[in-house]
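Protein chains: 2
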Amino acid sequence: MGLDNNARTAIRIGIVGYGNLGRGVEAAVARNSDMAVAGIYTRRDPAQIEPMGAGVPVHAMDSLPGHKGGIDVLVLCGGSKDDLPRQSPELAAHFSLVDSFDTHARIPEHFAAVDAAAQAGRTTALISAGWDPGMFSINRVMGEALLPDGATYTFWGKGLSQGHSDAVRRVPGVAGGVQYTIPVDEAVAQVRSGLRPALTTREKHRRECFVVLEAGADASAVRKTIVTMPHYFDEYDTTVHFIGAEELAREHGAMPHGGFVIRSGNTSQENKQVIEYRLQLDSNPEFTSSVLVAYARAVHRMQQAGQWGCKTVFDVAPGLLSPRSAAELRAQLL
Amino acid sequence: MGLDNNARTAIRIGIVGYGNLGRGVEAAVARNSDMAVAGIYTRRDPAQIEPMGAGVPVHAMDSLPGHKGGIDVLVLCGGSKDDLPRQSPELAAHFSLVDSFDTHARIPEHFAAVDAAAQAGRTTALISAGWDPGMFSINRVMGEALLPDGATYTFWGKGLSQGHSDAVRRVPGVAGGVQYTIPVDEAVAQVRSGLRPALTTREKHRRECFVVLEAGADASAVRKTIVTMPHYFDEYDTTVHFIGAEELAREHGAMPHGGFVIRSGNTSQENKQVIEYRLQLDSNPEFTSSVLVAYARAVHRMQQAGQWGCKTVFDVAPGLLSPRSAAELRAQLL
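First to last, the sequence lines map onto chains Z and R.
Each residue of the first sequence is one higher than the one before, counting from 1 in our numbering.
Each residue of the second sequence is one higher than the one before, counting from 1 in our numbering.
Treat the hints as calculated values from the structure; they're not laboratory data.
Among the clues, some could well be false.
No copy labels: a pair is met if it fits in one copy or bridges any two.
As a list, the in silico DSS-like pairs of lysine-lysine whose alpha-carbon atoms are at most 30 Å apart [as the list claims (entries may be wrong)]:
1. K272 to K81
2. K68 to K158
3. K68 to K204
4. K272 to K68
5. K272 to K224
6. K224 to K68
7. K81 to K204
8. K68 to K81
9. K224 to K81
10. K224 to K158
11. K204 to K158
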């Protein structure tokens with residue numbers, strides 16, 4: 001709280017896992033002059049990894065414990081299903097860290113496991129950073145606190161959904177494809193007006209798929225399997241476009257995403273107030289990585305201040321995210 | 001940080017000053033079940049004040065020191081020019097408090113005076129809460145921290161500007177009037193596209209005045225005096241509408257405001273990211289009051305945790321603003 005940042009040496013970041021997210025973390029650290037990548041840690045053969053930055057060392061995962069003295073904060077770039085539930089508690093016993101654990105229903109359990117390890121190891125471990133969970137969560141909490149007599153709406157998109165794209169690609173007869181989640185304009189307009197509408201799943205979002213068929217596949221059968229798929233598509237209006245493999249590669253290789261959190265509420269019978277937080281992301285993984293890196297700075301400061309244990313974005317004061325001193329922030333950005 | 005809120009007794013709020021902001025604070029406290037108004041303190045004759053809530057006690061300002069044991073947090077509702085520079089340091093010596101000091105250039109000086117008093121008194125005093133400074137400041141800091149390679153834009157409006165309305169009313173020949181600040185649509189669209197345009201003052205906002213003339217006043221002279229007024233209007237495109245006193249009262253009595261903070265930046269050469277925070281307020285003072293009251297909750301918790309001294313919104317973790325426990329926030333809003 002109110003820490004002045006007089007550190008003269010860079011915060012040393014260890015990157016655990018080097019997929020889209022790990023590469024994004026490397027790029028984000030390069031944009032923050034008070035940080036440096038101490039090393040990339042991988043389960044693959046380190047010789048096969050080519051970091052973007054010249055001279056960035058790549059190590060095998062099992063060398064991590066031996067590098068404890070050379071790393072201030074680990075940024076974990078693995079998946080929420082198989083990697084983080086095991087890695088975060090294991091590593092929090094020895095390192096301060098940030099992860100992007102995003103299985104909402106299992107957050108309390110993950111928190112408890114990481115907290116026990118971090119308390120014992122006197123480290124600071126922040127879980128579930130990113131944009132949702134993350135920035136969107138902060139705006140849900142603050143919106144509700146500022147306008148207690150109100151309603152909160154989260155819309156996602158327009159954006160590529162990894163989970164839904166995977167579901168489309170598992171349909172028999174599909175050679176490739178992607179799925180975009182799209183907020184329904186009418187719903188967004190109603191919410192923005194402060195009317196607090198009751199909206200069904202179908203009224204809030206629609207889904208759009210771009211699919212490449214296998215040779216000889218039956219388009220109408222594929223379409224039907226997609227649009228009726230339980231949990232993934234049956235509660236939505238879904239459009240399926242069949243395209244060629246070249247068009248898929250050319251037009252649908254990017255990973256845009258974003259969305260809105262809108263809180264509308266009344267401060268008196270007459271007066272409505274609307275708060276909106278919006279993200280428009282060309283690259284979902286690169287933005288998530290940028291959030292992880294800003295929180296790595298806060299984690300380092302909290303660890304240094306003796307604030308050990310598991311934390312979330314709800315526990316981090318905004319000033320801790322900035323490389324600027326508290327006095328500078330007050331003078332220039334307040 | 002990560003405090004659990006198990007308080008069974010309401011946080012007792014003292015309201016200092018009972019104008020638009022003070023009335024808004026009373027209304028906001030009524031919407032938060034973990035808080036209660038302990039008293040309203042005024043420099044006017046207490047017998048002349050009618051609080052909205054039945055049974056809310058109204059006291060003369062000088063009885064405040066004697067009520068120290070019955071108040072947890074004071075919310076100061078005076079003005080930044082004459083009231084707060086004197087009141088906030090004086091009262092912070094004895095009470096935890098929140099103010100809405102909004103003279104940006106004098107914040108460091110105000111901070112130093114309040115900090116000395118609060119450190120000595122072991123109180124927690126948060127200055128400059130509201131929406132700008134306040135919510136907009138948080139979004140400027142976080143936007144810059146998440147996208148260091150980028151640019152931040154603040155737009156205000158459409159909204160009634162008190163300072164500019166006062167300036168219009170001081171023009172000879174003007175019997176009454178209001179001024180609206182309006183963001184220029186083309187500028188907002190350019191900024192949202194992530195282009196990072198360089199915008200002049202004139203390109204960002206325009207100004208619109210609704211003016212009632214005194215009998216016999218020269219409309220074209222009044223218009224010229226307004227649109228060429230240094231500091232207030234000369235750098236903007238300003239439209240002046242002349243209307244009747246009845247229309248002014250009927251159509252321009254509300255105090256809407258709002259605006260945008262937009263951060264756009266690159267996370268790689270190819271990928272632009274845009275973060276937007278937007279407020280649409282039917283009542284500027286009522287929203288400001290709601291922010292003050294949420295921060296009063298945080299201030300009370302920070303005081304209880306021994307985090308004394310002067311604070312700003314940059315020092316407050318989002319979870320501290322919510323009446324819910326940290327565990328509940330993680331389970332339900334993360």
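Hint by hint, here is what the structure shows:
| no. | hint | verdict |
| --- | --- | --- |
| 1 | K272 to K81 | between (41 Å within a copy, 29 Å between copies) |
| 2 | K68 to K158 | neither (41 Å within a copy, 53 Å between copies) |
| 3 | K68 to K204 | neither (47 Å within a copy, 50 Å between copies) |
| 4 | K272 to K68 | neither (53 Å within a copy, 35 Å between copies) |
| 5 | K272 to K224 | neither (43 Å within a copy, 36 Å between copies) |
| 6 | K224 to K68 | neither (53 Å within a copy, 70 Å between copies) |
| 7 | K81 to K204 | within (27 Å within a copy, 46 Å between copies) |
| 8 | K68 to K81 | within (26 Å within a copy, 53 Å between copies) |
| 9 | K224 to K81 | within (29 Å within a copy, 67 Å between copies) |
| 10 | K224 to K158 | within (23 Å within a copy, 48 Å between copies) |
| 11 | K204 to K158 | both (12 Å within a copy, 28 Å between copies) |
Checked against the numbered hints listed earlier, the structure breaks hints 2, 3, 4, 5 and 6; every other hint is satisfied.
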